[in-house]
Amino acid sequence: MALRSLPVYLVADCSGSMAGSAIESVKSGMRAAHAEMMGDPSTVEVAFISLITFNDSATQLIPLTDIAQFNFPDFQAGGRTNLGAALKLLIERMDIEVAKNSPEQKGDWKPLVFLFTDGAPTDTDWPKYASDLKAKRSCNMIALAAGEAGDSSVLKQITETVLVMKDMGPDSFKAFFKFVSQSVKQTSQKVGTTPGGSGITLPPPPPGITIVP
Amino acid sequence: MSPPDDPKAPVTSTDKPADPPAGAPTAPVLKGGSVRPTSTGWQIKEPTEDWAGPVPPSKLPFLSDFHYQDNYQAVGSGWADWKVIAGTRRGRMHANAGTHREDAFAFELGKDVAVFAVCDGAGSSKYSRVGSEFTARRTVSDILGAVTKALSSWSAGSVEKAAGLKRIVGDSVQQICADLQTIAADAHAEPRDFRCTLLVVIQLKTMSGEEFWYSQVGDGFIGAETVDAAERWGTSDSGDFSGEVGCFVPDSEAPANAANTLTQKDGAGLVGLVLASDGIEDPFFPVKKNVGVIFRQLREGLNQPLEDFVYRDAPGPVLTETPSTADLAKWLAFEKRGENDDRTILVLYRAKKS
Chain E
4 MALRSLPVYL
14 VADCSGSMAG
24 SAIESVKSGM
34 RAAHAEMMGD
44 PSTVEVAFIS
54 LITFNDSATQ
64 LIPLTDIAQF
74 NFPDFQAGGR
84 TNLGAALKLL
94 IERMDIEVAK
104 NSPEQKGDWK
114 PLVFLFTDGA
124 PTDTDWPKYA
134 SDLKAKRSCN
144 MIALAAGEAG
154 DSSVLKQITE
164 TVLVMKDMGP
174 DSFKAFFKFV
184 SQSVKQTSQK
194 VGTTPGGSGI
204 TLPPPPPGIT
214 IVP
Chain X
3 MSPPDDPKAP
13 VTSTDKPADP
23 PAGAPTAPVL
33 KGGSVRPTST
43 GWQIKEPTED
53 WAGPVPPSKL
63 PFLSDFHYQD
73 NYQAVGSGWA
83 DWKVIAGTRR
93 GRMHANAGTH
103 REDAFAFELG
113 KDVAVFAVCD
123 GAGSSKYSRV
133 GSEFTARRTV
143 SDILGAVTKA
153 LSSWSAGSVE
163 KAAGLKRIVG
173 DSVQQICADL
183 QTIAADAHAE
193 PRDFRCTLLV
203 VIQLKTMSGE
213 EFWYSQVGDG
223 FIGAETVDAA
233 ERWGTSDSGD
243 FSGEVGCFVP
253 DSEAPANAAN
263 TLTQKDGAGL
273 VGLVLASDGI
283 EDPFFPVKKN
293 VGVIFRQLRE
303 GLNQPLEDFV
313 YRDAPGPVLT
323 ETPSTADLAK
333 WLAFEKRGEN
343 DDRTILVLYR
353 AKKS
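Line by line, the protein sequences give chains E and X.
Residue numbers 4 to 216, in our numbering, belong to the letters of the first sequence in order.
Residue numbers 3 to 356, in our numbering, belong to the letters of the second sequence in order.
Treat the hints loosely; a few may be bogus.
To be verified - Chain X stretches covered by chain E per the calculated footprint, using a threshold of three residues with CB under 8 Å from any CB of chain E:
(1) 42–54
(2) 122–128
(3) 244–258
(4) 283–296
What the hints assert, rightly or not - Result set (BS3-like, lysine-lysine): computed pairs, CA atoms no more than 25 Å apart in a straight line:
(5) LYS151(X) <-> LYS354(X)
(6) LYS103(E) <-> LYS355(X)
(7) LYS30(E) <-> LYS169(E)
(8) LYS188(E) <-> LYS128(X)
(9) LYS139(E) <-> LYS103(E)
(10) LYS128(X) <-> LYS85(X)
(11) LYS193(E) <-> LYS151(X)
(12) LYS159(E) <-> LYS181(E)
(13) LYS91(E) <-> LYS103(E)
(14) LYS103(E) <-> LYS188(E)
(15) LYS168(X) <-> LYS267(X)
(16) LYS103(E) <-> LYS193(E)
(17) LYS291(X) <-> LYS103(E)
(18) LYS193(E) <-> LYS169(E)
(19) LYS113(X) <-> LYS354(X)
(20) LYS47(X) <-> LYS188(E)
(21) LYS128(X) <-> LYS193(E)
(22) LYS61(X) <-> LYS113(X)
Stated by the list, open to error - Each pair of labels, with its calculated beta carbon distance range:
(23) ASP98(E) <-> ASN305(X): 37 to 43 Å
(24) LYS159(E) <-> ARG314(X): 45 to 51 Å
(25) THR62(E) <-> LYS291(X): 35 to 41 Å
(26) ALA138(E) <-> ASP188(X): 39 to 45 Å
(27) PRO66(E) <-> ALA187(X): 30 to 36 Å
(28) GLN183(X) <-> ARG34(E): 46 to 52 Å
(29) ALA38(E) <-> ASN305(X): 40 to 46 Å
(30) PRO56(X) <-> ALA38(E): 49 to 55 Å
(31) LYS159(E) <-> GLN183(X): 55 to 61 Å
(32) ASP135(E) <-> GLN71(X): 30 to 36 Å
If you're looking for bench data, these hints aren't it; they were derived computationally from the structure.
All C-beta atoms, glycine included, are put in the ideal place defined by N, C-alpha and C.
Given these sequences and hints, build the entire structure.
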């Protein structure tokens, strides 16, 4: 029988507005989160991570990979905010990379997706893919609207769990990625029998990050 | 039943967790061609919460002789040459987090009726350990009592027997759900905080031999062994992804679910029956294919593990004339990457297959 994984997708906005210290903070925050997750045996055994970035288009920089084998690539910010391309690619990759239950194979755990963006989408297709993603109920998504231009109302159309982080300083990103690592660890530690269709229990968000009701 | 915590139980033994202390080197003696070893750094922590949590002790009559243990086994003897052995083991996930085992089993062996149950507390429910222990014990006790009382009024193979058993199972689960709802209210908790799965098998002595009735709410599996074959009975309630279950005890659909899935099997040729939680079902998936492997390992001892399984201490035969609780404990201690849930197995068997 194949290994069952907890797929974790990081979907990062790398548009021009993220250039400079913000994108560097994202990269260092991701590395810190990875290091923290590697300290938890439950997470090491089940978590597989993928990194998708988007600006004018969307790219899966790292396919779903065993957390112990995961090396963060370098990436730069620039271009616009094609959220629709990111959601489309996310749906496609999850269809390919995540195993569902079948008579012959036990499926993976329900994927965790962390999407963060600091601005409004510049494409017109995103509502279609947002609707598709919500209808498929194929993941537990946590979306972060970062900075003053982050639009939580857009993200609410993709997922029920939306966070807002007004400040985009290094400490804020550090806190957000700590929240990401804690969420993955907590989910890894609680994999087991759960009511179908139920969401996940997240740790409380850190100071400076609020949950949109 | 031989309650594992009852000092009067005929044979009961306990084992220490087989996991080594944190940081200790691992020395597996049997590996099933594992290319993905399990990670290191697991710890064994005592549960920190009180087992019953906020539930008033008066609501849990079995508490007077119940002492929570991470791992335990129990054995019993049925009529003819039937033997029973059962074991449950706290998963590494719970040991590492310092939380209780949430699986439970129970069985009661009467003169003409025997009842067996395995329950698995939902991981997302705060007091599912209480729900599963309560449900397992009450299920076997209630059903044994009701069936024993009704048995003489049913003729062999009668329609009224099938209807009567369905009613008894449905009523039993209905009453358990109602009691758990009362317990939840008294504990200032929600009924969903006590959610658990339920596997139940009723063994009946008949004029011509014996017959079995099984029912399932949630996941886990029931499997049967004949002299030359093994098969799964029933199906798991599961969603698109691992661990997703649609209905638990004490959800409102549970009584109907339990009654409607009640299915009869003839006992002719049967030499073994297993009930197991998803902590066994998942690593041995697909069970339809591997239920025979499970019986073989338990009968013969472990010579060749399945791929990706690692054993620190090779279990010998479990299903012998004198059931081996020590070997069952070793068998339950297998390691497989990502499979760290509680494990519970109950086996009814004839020591001689012929």
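Here's how the hints hold up against the structure:
1. Chain E is given as covering the region 42–54 of chain X, and this holds because 3 residues of the stretch bring a CB closer than 8 Å to a CB of that chain, at least three being needed.
2. Check on the region 122–128 of chain X: 5 of its residues sit with their Cβ under 8 Å from a Cβ of chain E, so the three-residue criterion for coverage holds.
3. Judged by the Cβ-Cβ criterion of 8 Å, the region 244–258 of chain X is covered by chain E as claimed, because 6 of its residues qualify and three suffice.
4. For a cut-off of 8 Å, the count of residues in the region 283–296 of chain X with a CB near a CB of chain E stands at 6, and the three-residue condition holds.
5. With a C-alpha separation of about 32 Å, the suggested pair LYS151(X) and LYS354(X) falls outside the 25 Å cut-off, and the hint is violated.
6. A hinted pair counts as satisfied when its Cα atoms are at most 25 Å apart, and LYS103(E) with LYS355(X) does not qualify at roughly 38 Å.
7. Taking the CA atoms of LYS30(E) and LYS169(E), the gap is about 19 Å. The hint holds against a cut of 25 Å.
8. For the proposed pair LYS188(E) and LYS128(X), the alpha carbon gap of about 18 Å is at most 25 Å, so the pair holds.
9. Between LYS139(E) and LYS103(E) the alpha-carbon distance is near 13 Å, which keeps this suggested pair within the 25 Å criterion.
10. Using a Cα cut-off of 25 Å, the hinted pair LYS128(X) and LYS85(X) is violated, with the two alpha carbons roughly 35 Å apart.
11. Pair hint LYS193(E) plus LYS151(X) does not hold up; C-alpha atoms about 42 Å apart against a cutoff of 25 Å.
12. At roughly 22 Å between alpha-carbon atoms, LYS159(E) and LYS181(E) fall within 25 Å of each other, so this suggested pair holds.
13. Restraint check: the Cα-Cα separation between LYS91(E) and LYS103(E) comes to about 19 Å, which is no more than 25 Å; the hinted pair holds.
14. Taking the CA atoms of LYS103(E) and LYS188(E), the gap is near 22 Å; set against the 25 Å cutoff, the hint holds.
15. A threshold of 25 Å between alpha carbons decides the hint, and for LYS168(X) with LYS267(X) the separation of about 14 Å falls inside it, so the pair holds.
16. This hinted pair checks out: LYS103(E) and LYS193(E) have alpha carbons roughly 19 Å apart, not beyond 25 Å.
17. A threshold of 25 Å between alpha carbons decides the hint, and for LYS291(X) with LYS103(E) the separation of about 19 Å falls inside it, so the pair holds.
18. Distance hint between LYS193(E) and LYS169(E) is unfulfilled; the C-alpha atoms sit about 31 Å from each other, more than 25 Å.
19. For the given pair, LYS113(X) sits about 22 Å from LYS354(X) by alpha-carbon distance, which is consistent with the 25 Å threshold.
20. A hinted pair counts as satisfied when its Cα atoms are at most 25 Å apart, and LYS47(X) with LYS188(E) qualifies at roughly 17 Å.
21. Restraint check for LYS128(X) and LYS193(E): satisfied, since their Cα atoms lie roughly 11 Å apart, inside the 25 Å limit.
22. The suggested pairing of LYS61(X) with LYS113(X) is violated, with an alpha-carbon distance near 29 Å, which exceeds 25 Å.
23. For ASP98(E) and ASN305(X), the Cβ-Cβ distance of about 41 Å falls inside the hinted range of 37 to 43 Å, so the restraint holds.
24. Roughly 50 Å separates the CB atoms of LYS159(E) and ARG314(X), a value that falls within the hinted 45 to 51 Å.
25. Between THR62(E) and LYS291(X) the Cβ separation comes to about 40 Å, which falls inside the hinted range of 35 to 41 Å.
26. In this structure the supplied range 39 to 45 Å holds for ALA138(E) paired with ASP188(X), their Cβ-Cβ distance being about 41 Å.
27. Judged by the Cβ atoms, the range 30 to 36 Å given for PRO66(E) and ALA187(X) is violated: they are separated by roughly 49 Å.
28. For the pair GLN183(X) and ARG34(E), the beta carbons lie near 48 Å from each other, so the given range of 46 to 52 Å is met.
29. Range check, ALA38(E) to ASN305(X): about 42 Å between beta-carbon atoms, so the 40 to 46 Å window is met.
30. Checked against the given bound of 49 to 55 Å, the beta carbons of PRO56(X) and ALA38(E), roughly 38 Å apart, lie outside it.
31. LYS159(E) and GLN183(X) have their C-beta atoms about 34 Å apart, which leaves the hinted 55 to 61 Å range violated.
32. Remark: the range hint 30 to 36 Å for ASP135(E) to GLN71(X) is contradicted by a beta-carbon distance near 49 Å.
The structure shown violates the earlier hints numbered 5, 6, 10, 11, 18, 22, 27, 30, 31 and 32.
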